[in-house]
Amino acid sequence: MNSVPAITVRGVTKHFGSAMAVEHLDLSIAPNEIFGLVGPDGAGKTTTMRMLAGVMRPDQGSIVIDDVDVVKNPDLAKTHFSYMPQRFGLYEDLTVDENIRFYADIFGVPLKLRVERAARLLAASDMTRFRDRLAGQLSGGMKQKLGLTCALIHTPKIVLLDEPTTGVDPVSRRDFWRILYDLREEGVTIVISTAYLDEAERCHRLALLHQGHLLQCDTPQALKARIPGAILLAPSTEPRAIRAVIAPLPGVLSTLLAGGSVRVTVDDADGRLPEIERALVASGLPHKPLQKAPATIEDLFVTLEQPEGIAA
Amino acid sequence: MSAPASSGPAIIARHLTKRFKDFIAVDSVDFDVWRGKIMGFIGPNGAGKSTIIRMLCGLLRPSAGQVLVAGIDVAQRPEAARQQIGYMSQKFSLYGDLTVAENLRFFGGIYRVPHDRLAERMRYAIDMAGLKGREDALVSSLAGGWKQRLALGCAILHNPPILFLDEPTSGVDPVSRRHFWDLIHDLAADHVAVLVTTHYMDEAEYCDRVLVINQGRVVASGTPTELKHTPLGGRMLLVECDGVGLALHVLGAAAGVRDVAAFGNALHVLVGKDADAEAIRGLLTEKGVVNIHISEIEPGLEDMFVNLVTRHAARAAAP
Numbered sequence: 001m002n003s004v005p006a007i008t009v010r011g012v013t014k015h016f017g018s019a020m021a022v023e024h025l026d027l028s029i030a031p032n033e034i035f036g037l038v039g040p041d042g043a044g045k046t047t048t049m050r051m052l053a054g055v056m057r058p059d060q061g062s063i064v065i066d067d068v069d070v071v072k073n074p075d076l077a078k079t080h081f082s083y084m085p086q087r088f089g090l091y092e093d094l095t096v097d098e099n100i101r102f103y104a105d106i107f108g109v110p111l112k113l114r115v116e117r118a119a120r121l122l123a124a125s126d127m128t129r130f131r132d133r134l135a136g137q138l139s140g141g142m143k144q145k146l147g148l149t150c151a152l153i154h155t156p157k158i159v160l161l162d163e164p165t166t167g168v169d170p171v172s173r174r175d176f177w178r179i180l181y182d183l184r185e186e187g188v189t190i191v192i193s194t195a196y197l198d199e200a201e202r203c204h205r206l207a208l209l210h211q212g213h214l215l216q217c218d219t220p221q222a223l224k225a226r227i228p229g230a231i232l233l234a235p236s237t238e239p240r241a242i243r244a245v246i247a248p249l250p251g252v253l254s255t256l257l258a259g260g261s262v263r264v265t266v267d268d269a270d271g272r273l274p275e276i277e278r279a280l281v282a283s284g285l286p287h288k289p290l291q292k293a294p295a296t297i298e299d300l301f302v303t304l305e306q307p308e309g310i311a312a
Numbered sequence: 001m002s003a004p005a006s007s008g009p010a011i012i013a014r015h016l017t018k019r020f021k022d023f024i025a026v027d028s029v030d031f032d033v034w035r036g037k038i039m040g041f042i043g044p045n046g047a048g049k050s051t052i053i054r055m056l057c058g059l060l061r062p063s064a065g066q067v068l069v070a071g072i073d074v075a076q077r078p079e080a081a082r083q084q085i086g087y088m089s090q091k092f093s094l095y096g097d098l099t100v101a102e103n104l105r106f107f108g109g110i111y112r113v114p115h116d117r118l119a120e121r122m123r124y125a126i127d128m129a130g131l132k133g134r135e136d137a138l139v140s141s142l143a144g145g146w147k148q149r150l151a152l153g154c155a156i157l158h159n160p161p162i163l164f165l166d167e168p169t170s171g172v173d174p175v176s177r178r179h180f181w182d183l184i185h186d187l188a189a190d191h192v193a194v195l196v197t198t199h200y201m202d203e204a205e206y207c208d209r210v211l212v213i214n215q216g217r218v219v220a221s222g223t224p225t226e227l228k229h230t231p232l233g234g235r236m237l238l239v240e241c242d243g244v245g246l247a248l249h250v251l252g253a254a255a256g257v258r259d260v261a262a263f264g265n266a267l268h269v270l271v272g273k274d275a276d277a278e279a280i281r282g283l284l285t286e287k288g289v290v291n292i293h294i295s296e297i298e299p300g301l302e303d304m305f306v307n308l309v310t311r312h313a314a315r316a317a318a319p
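Taken in sequence, the protein lines are chains A and B. Take 1 as the starting number for the first sequence in my numbering and just add one per residue. Take 1 as the starting number for the second sequence in my numbering and just add one per residue.
Mixed in with the good hints, there may be bad ones.
Computed list of lysine-lysine pairs in BS3-like fashion (alpha-carbon distance at most 25 Å, straight line) [said to hold, decoys possible]: (1) B/287 - B/273; (2) A/157 - A/112; (3) A/288 - B/21; (4) A/224 - B/287; (5) A/292 - B/228; (6) A/288 - B/228.
Covered stretches of chain A (chain B as the covering partner; in silico rule of three or more C-beta atoms under 8 Å from a C-beta of chain B) [unchecked claim]: (7) 174-186; (8) 189-202; (9) 210-220.
FYI, nobody ran anything at the bench for these hints, they're computed from the structure. Computed from a prediction, not measured in an experiment: that's the story for all the values here. Glycine included, every Cβ here is placed at the ideal spot set by N, Cα and C.
Let's have the full structure, built from the sequences with the hints guiding it.
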């Protein structure tokens, strides 16, 4: 495995007036990985992505992509990657095919290659039937898939995708991710940002961002292993009532009502389970036996995040 | 603005249908939303969710069927029905250059909250949003979670028995999001009927019941737990291995594999009766995939959703 990073970010900081968007960010992204920039709105994902793409200059710090200094040579760097901003510039009065042809011309993709590649990308995203439809008449999810097809019509080594799946339903999202994994097979490095913590689990490695700060960076499995404690699910037809029984018990760190059950974070699953079970039986409230449940990235995020200040 | 009854359906939809020329956007849909319950509408883009919501709000006339909102026939008395509904969208419609109190007063006017009750309702909304002492702050100066809670306060200022939430917490930071859902569960405890539309499965997980809508029809309904246990027509395997990309291709084309999706260095593989872990291991080993570890896992809500929607679409496309 090549150990030279595809992208190196060192000490990157960006302020807008007095507002801090990104604070002293360090990242090292390996060749051929799918790397996620993950965090809620306002975490600094888009600002980071714009700086990586060379369309915004950092106040401080350096960004090197594929041995090219993006801050000093943004135009040269642009030949090394493809960037898909949140709002990709589709021509609404052109058809799907015409949009793809337009971008293939811009990127100078040879005719034979573009026909082959367009056919493959459209098939993978289940868009082949819509080739003659005007882009303006596509649904939000289909527009995003067309944007991805246009951005990928040439063969870049690195792809930067800024929240490509926002507004895209789960079925289309699966198509989208299938294309990303195919690209990875071709040796492409992918950087993708998302506000959906469940989607983050599809990446190889994640940077968890919050209010401009890097909270943690690792594989999803390693991150989830860092969650203090464990998760128990208590299914019940009276979740509100059983939550009131569970919340004050020793070892219970937090409780959450979710879909006909209570999601309980405890310091020790095996140690606390019998106690909680006993308390539920004693309460006489309807409930099913407690189950252990896998932790999620959101569970980790909640333990890492500083409580939000009232001011933006 | 009558005091809501403590139980019974707050929204009743029967044979609700909407045609646009030849296109059937909503096809004879039936559902009830009960007081004190949180109902999720999930479906892909273009499934008909927003057309249903527009009919519930009286903004669009059904081609056939009927909707009762808090006992009011929406088609006959749309204005009166709308008074029973609070609405909050993902893009909270707050005015950034107005203060917290000014926003509340503005929505109080829109929802026609009687003058003698406005002060009390504003106090309630400000307390709920945790904005006491910040009544004169400009909304643009507030962080996301606070704005979101204020938007909720505006939506329920007229004390409606029914609340619509459109992708209310997508992109909101997780701590604020959990706080927000606690507030929604409190409202449900006060007998408000809550209807959430979303296509994010983690939002659907917070609902008491979920209705899956595809191509204008209800294709499944139940609690999130029940839906996760909807037979997928097979078992879900977690396959960890080196060379996930290769494994994805091998299994994507393999007999007995119904669906496969990659998650980092692992795959979720839905296998039918005619395949099992050993068969999968054999296929992968033959193609040179190494370090294979296979375990059975519980399918997630997203697995269920993708399965239902693609199966339904395949049936609809069949001649």
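A quick look at each hint next to the structure:
1. B/287 - B/273: Roughly 22 Å separates the two Cα atoms, so the pair holds.
2. A/157 - A/112: holds (20 Å)
3. A/288 - B/21: Not OK: residue 288 of chain A and residue 21 of chain B at ~49 Å, beyond 25 Å, violated.
4. A/224 - B/287: The hint is violated at about 31 Å.
5. A/292 - B/228: holds (16 Å)
6. A/288 - B/228: holds (16 Å)
7. 174-186: holds (count 7)
8. 189-202: holds (count 6)
9. 210-220: Result for this restraint: holds, n = 3.
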